[in-house]
Structures are given as C-alpha cells and as structure tokens.
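Number of protein chains: 6
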Amino acid sequence: MALVPDNTLITDTPEQGRELAIMLARKTIAAIQTDGEVRQMLRPGYATNADSLTMAGHVVAVEFSTVAAANNYWRT
Amino acid sequence: MALVPDNTLITDTPEQGRELAIMLARKTIAAIQTDGEVRQMLRPGYATNADSLTMAGHVVAVEFSTVAAANNYWRT
Amino acid sequence: MALVPDNTLITDTPEQGRELAIMLARKTIAAIQTDGEVRQMLRPGYATNADSLTMAGHVVAVEFSTVAAANNYWRT
Amino acid sequence: MALVPDNTLITDTPEQGRELAIMLARKTIAAIQTDGEVRQMLRPGYATNADSLTMAGHVVAVEFSTVAAANNYWRT
Amino acid sequence: MALVPDNTLITDTPEQGRELAIMLARKTIAAIQTDGEVRQMLRPGYATNADSLTMAGHVVAVEFSTVAAANNYWRT
Amino acid sequence: MALVPDNTLITDTPEQGRELAIMLARKTIAAIQTDGEVRQMLRPGYATNADSLTMAGHVVAVEFSTVAAANNYWRT
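Residue numbers (my numbering), protein chains in the order written: chain A, 25 to 100; chain B, 25 to 100; chain C, 25 to 100; chain D, 25 to 100; chain E, 25 to 100; chain F, 25 to 100.
It should be emphasised that the hints constitute simulated quantities derived from the structure, not laboratory data.
Hints may contain errors.
Said to hold, decoys possible - No more than 30 angstroms apart at the CA atoms, straight line, and that leaves these computed lysine-lysine pairs for DSSO-like:
no., chain 1, residue 1, chain 2, residue 2
1, B, Lys-51, A, Lys-51
2, D, Lys-51, C, Lys-51
3, F, Lys-51, D, Lys-51
4, E, Lys-51, A, Lys-51
5, E, Lys-51, F, Lys-51
6, B, Lys-51, C, Lys-51
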C-alpha cells in the first residue's frame with residue numbers, strides 16, 4: 025500500500041496540496057487499522073461527532089503545513 | 025468543492041489570511057462530513073462547549089501558521 | 025469584526041507579541057461563537073478546569089510561535 | 025503582569041530557555057485565570073493526573089520550540 | 025533498542041520517509057511501555073476507536089514533518 | 025534539577041537526539057510534579073492506556089522536532 029500517493033509531496037496547486045494532505049492522513053489510518061471494514065464501521069460515529077471531526081481536521085492541517093512547505097507555498 | 029478558496033494561500037493582509045485559515049479549517053470538515061445538514065446539526069453542541077471551541081481555535085491557529093509563512097508574515 | 029487587531033503581526037516587543045497571540049486566539053473563538061453572552065456563560069466552567077486552561081494555553085503557544093517568527097523573534 | 029519575563033526570548037543557555045518556556049506557559053494560564061487562589065486550588069487535581077501532566081508538558085514543548093528557534097538553538 | 029532505525033532521518037523517497045515516521049512513533053511507545061505483551065493487549069482497543077486512530081495519525085503527521093524537513097522534502 | 029541534560033541540544037546522532045527528546049519530556053513532567061513517588065504511582069495507569077501513550081508519544085515528537093532542527097537533522 026502506498027502511504028504517499030505518487031511518492032511525491034510536490035503538487036501543482038494549493039488545492040491539490042490540500043487533497044494530498046487529506047490522503048496522507050487517511051493512508052496513515054489505513055496503515056494502522058488495515059481492515060477496511062472496521063474503518064467503514066467507525067466512520068458514522070466520528071463523522072457525526074463535532075470533536076472527532078475537529079481532531080481529524082487538525083491532522084489535515086498538520087499534514088498540509090508539511091505539503092505547503094515542500095511546495096514553497098506555491099508562490100509564483 | 026474547493027478546499028482552498030481561489031486556489032492560493034496568498035492574501036493581501038493578515039486579516040484576510042486569518043479569514044482564509046478559518047475557511048481552510050471549515051472546508052476540511054465539509055470534505056469529511058459532506059452532509060451539510062449533519063454539520064448544521066452538530067453546530068449548536070460544539071458552539072456552546074468551551075473545549076470544543078478551543079479545539080476549533082487550535083486548528084485555525086495551525087492553518088494560520090501555514091498561511092502566515094506563505095505570505096512571509098506580510099512584512100512590509 | 026477584526027480577527028487581527030491593527031491588521032499586523034508585527035509588534036515592538038515579545039510582551040506585545042504575547043498579548044497579540046492571546047487576542048488572536050480569542051478573536052477566533054468569537055468568530056465561531058458570535059454570541060458574546062454564550063461566551064461569557066462558558067467562561068466560569070473552563071476557567072476553573074485545569075485541562076481546559078491547558079488547552080487554551082496551548083492555542084496561545086501556537087499563535088505565539090507564528091507571531092514570534094513574524095517578528096524574527098525580536099532579535100536586536 | 026508580565027507575560028514574557030524580562031521581555032525577551034533570548035537566554036544564555038538551553039536550560040534557561042527551558043525555564044523560560046515553563047514560565048511562558050504558566051503566565052498564559054495566569055492571564056486567563058487571574059485568580060491565584062483558583063489556580064492553587066486546581067493544582068493538586070492536575071498534578072496527580074498523568075494525562076493532565078502530559079498536556080502541560082506538551083505546551084512547554086511548543087513554547088520551547090519557539091524559544092529555541094529564537095536563540096538559534098544555542099549553537100556555538 | 026533503536027529509537028531511530030538505521031540512525032538516520034534521511035530516506036530515498038517520501039514513501040520511505042512516511043514509513044520512518046510511523047516507525048519513530050511506534051519506537052517511542054515501545055520505549056515508554058517496554059512490555060510488548062501489554063502493547064499487543066492495548067492494540068485492539070485503540071485500533072477500533074476512531075479518536076484513538078486520529079490521535080495516532082496526528083503523531084505520525086508531526087514525526088513526518090520533521091523527516092520531510094530533514095530530506096528537504098525530497099525536492100529534485 | 026537540570027531540565028536540559030548537559031545543557032545542550034546538540035547530539036552526535038539521531039538516536040541520541042531521540043533519547044534527548046524523551047528526557048526533555050520527562051524532565052518537564054518532573055518539574056511540574058516534583059514528587060517522584062507520585063510520578064511512580066501514576067506510571068502504571070498511563071502506561072497501560074493506549075491514548076495516554078499516544079499523548080506521551082506526541083510530546084516526544086514535538087520535542088524531537090526541535091532537537092532535530094538544532095542539529096540540522098544530522099545531515100552529513
């Protein structure tokens with residue numbers, strides 16, 4: 025299983041960088057809980073809990089800070 | 025759905041950078057919980073819980089650190 | 025409402041930078057929970073809870089790391 | 025009340041930088057909960073709770089990362 | 025016990041960097057809870073709890089930010 | 025009590041840097057809870073709780089990010 029899609033942190037745009045950050049966060053969870061059925065079972069519970077969503081959003085924010093730095097913030 | 029409004033991290037001012045940080049945080053939540061009605065349903069509960077608000081404020085702080093770095097802190 | 029007082033991250037001193045970090049954290053909460061009466065109602069509960077205070081202190085620490093970097097750490 | 029003792033992030037040694045990080049964390053709490061008696065009342069509870077201690081240690085770690093960067097990591 | 029496999033943060037690819045980040049996180053836990061049987065005993069509980077998984081994913085994100093910076097983000 | 029062993033963030037190797045990060049985290053806890061018997065009493069509880077271990081691992085990750093930056097990531 026690939027933890028880093030396309031094996032690069034470089035993206036063309038901030039939007040794609042954000043998508044990558046979300047994927048990085050998800051791939052890590054999948055590496056820890058390898059059973060996809062369990063992950064699906066857990067989804068409704070956390071997707072309807074505000075604090076769980078905030079925690080997930082926090083992880084994406086941390087991943088994105090790395091991706092954004094890798095891309096020099098897509099400054100033109 | 026756009027995760028990064030206008031597909032850029034560059035803003036004219038710190039104030040606009042802060043607004044962007046809040047939007048980035050919200051767009052992530054919307055990407056995880058795509059049902060807007062569920063998000064609206066969750067809002068009263070977390071908006072009246074001090075710790076939930078602090079957690080949300082934390083995510084904004086992390087997003088802002090990235091936006092601020094992207095803009096070289098709007099130094100003149 | 026201003027999210028960034030005076031619309032700048034630049035301050036004269038570390039002390040003022042710290043005050044700004046606290047204000048940034050508070051302004052975010054006020055942007056999420058816009059009802060000042062609710063915020064006042066929540067205050068006693070979290071101000072007498074050690075973990076809530078630690079969480080709030082954490083957000084200030086993250087905001088301050090950004091403000092300090094913006095000011096090149098006020099090195100002379 | 026001073027949030028930043030001596031109004032500087034610069035210290036002579038890592039040890040002093042660590043002490044500053046602890047003080048920065050404590051001063052923030054004191055700025056939020058200004059009643060010293062309440063703070064004293066809360067202390068036994070969190071000082072005997074492992075997770076509360078870990079959370080406090082985390083805040084110190086974040087403050088220290090800023091202090092250490094300000095001092096160029098005290099490289100000689 | 026080695027806390028840092030091969031005693032280096034340098035990897036050939038982002039994928040390997042991500043694997044290292046996961047290993048760093050795990051080695052720390054093993055250094056704190058040295059009894060492998062206890063760690064195995066704890067695994068089912070946290071691997072089926074969404075918030076526990078998110079917290080674990082967060083630690084990996086923080087470790088990865090360090091590994092990625094060490095490798096200059098594998099820019100070519 | 026020394027908060028920073030040997031009063032330096034510089035280490036010869038990543039492995040030693042990781043050991044330092046763990047010690048920094050522990051020294052902070054000892055500075056907050058100065059009673060070693062209390063700390064020992066708390067240990068079994070958090071060392072058998074997955075989330076407590078993850079939180080402790082997170083603090084080490086943050087400390088290590090500072091130590092690694094101080095050492096320029098031990099690039100050769």
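A quick look at each hint next to the structure:
This hinted pair checks out: B:Lys-51 and A:Lys-51 have alpha carbons roughly 20 angstroms apart, not beyond 30 angstroms. Of the pairs offered as hints, the one joining D:Lys-51 and C:Lys-51 holds, with about 20 angstroms between alpha carbons and a cut-off of 30 angstroms not exceeded. For the hint pairing F:Lys-51 with D:Lys-51, the CA-to-CA distance comes to about 20 angstroms; that is within 30 angstroms, so the pair holds. About 20 angstroms separates the Cα atoms of E:Lys-51 and A:Lys-51, which keeps this hinted pair within 30 angstroms; it holds.
About 20 angstroms separates the Cα atoms of E:Lys-51 and F:Lys-51, which keeps this hinted pair within 30 angstroms; it holds. Pair hint B:Lys-51 plus C:Lys-51 holds up; C-alpha atoms about 20 angstroms apart against a cutoff of 30 angstroms.
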